[in-house]
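Protein chains: 4
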Amino acid sequence: MTETQHHHGYIQQKDDYLKRLRRIEGQARGLQRMVEEEKYCIDILTQVSAMTKALQSVALGLLDEHLNHCVVDAARAGGPEADLKVKEASDAIARLVRS
Amino acid sequence: MTETQHHHGYIQQKDDYLKRLRRIEGQARGLQRMVEEEKYCIDILTQVSAMTKALQSVALGLLDEHLNHCVVDAARAGGPEADLKVKEASDAIARLVRS
Amino acid sequence: MTETQHHHGYIQQKDDYLKRLRRIEGQARGLQRMVEEEKYCIDILTQVSAMTKALQSVALGLLDEHLNHCVVDAARAGGPEADLKVKEASDAIARLVRS
Amino acid sequence: MTETQHHHGYIQQKDDYLKRLRRIEGQARGLQRMVEEEKYCIDILTQVSAMTKALQSVALGLLDEHLNHCVVDAARAGGPEADLKVKEASDAIARLVRS
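Protein chains in written order, with this note's numbering: chain A, 1088 to 1186; chain B, 1088 to 1186; chain C, 1088 to 1186; chain D, 1088 to 1186.
In short, the hints are calculated from the structure, not lab data.
Misleading hints may appear alongside valid ones.
You can't tell identical chains apart in this list, so a pair holds if it fits in one copy or across any two.
Only pairs whose alpha carbons sit at most 16 Å apart, straight line, appear in this in silico EDC-like list of lysine to aspartate or glutamate [said to hold, decoys possible]:
1. Lys1174 - Asp1130
2. Lys1101 - Asp1151
3. Lys1126 - Asp1102
Looking at chain A on its own, in the form it has when it is part of the complex (with noise of 0.2 Å):
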């Protein structure tokens, strides 16, 4: 296995994130046009939620891929390494929790 493997857990499914991620794009362009258009503020919102959802439904895959193989490799690997990606990958979810 490479060092890429070990650590980028995600790359099995790149499309799939790239698809998700365009469609999010998507819905940051569909916001400006309606921005444009002057549409009722509470459609726009009603995006907003759909696009936040969106974006946090591919966080919490990023982060599943996550702990399944960097942090598990780390784990197995031993050593400070493992402290050191728990420690980062519970930052990261204190900010997807807070934000």
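For this one, chain A is given, so just place chains B, C and D on it according to the hints.
Then chains B, C and D, alone, in the frame of chain A:
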């Protein structure tokens, strides 16, 4: 005051919202690039959190203006429209809080 | 209508809110028992999520009644009070969305 | 190391968690008093946000210790247990992010 101005408080800052949404669109493209180039998971998650915060901030701004214009105007006009507008705003707030 | 009724829409459902808050207090005690008895972390986290949702739901209910009563009344009364009430509500919504 | 220590990393800081949960229980009682005394809605919402943040912080602490102990130990032990532990942790994270 026209109907449009009554219902779309955000229009006074339309350019500002468009600028923020274009930046959010750019963040979505940046995320695709990071996945494409197989960047480190945690760095991608940091970007997702920043993008979520930017989106939330747009939503809170739109909601504030919606309350200031649409809901206040409906309250002043009286009748069942005010109840409907508050209900609609509360539902949008619940979606934001839960997303 | 008295001043109190004007500003505290939730009072009509005071008993319901007290009941929900007592249940939330019970959940906080339940969590202490789980930690005391050294229950499994994931089960504790599930309870924390349930309690957070219950709290959020109380907040959304209070906010809805606040908009329906306090903000709508201030809008009808006119003057700078309406702006102040909307600003206050928007700040509270931002704290909820970000917490 | 006993089974219990393996699975419950938070036990080292049990007293700290109990203290924080007792404070959260106190906040739930304070909220009941505020509703009982018909305090201003916005002030109640400010307290709800503070209590939600305190709960979230307990959850993030427990999760960090869970990853550090339970998940890392399972990863080291190898076998299907590691996958199960990561899946369980990811599900708990998703519930926290969405609550």
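Query raised in the report: Tell me, which hint numbers fail for this structure?
Result: Violated: none.
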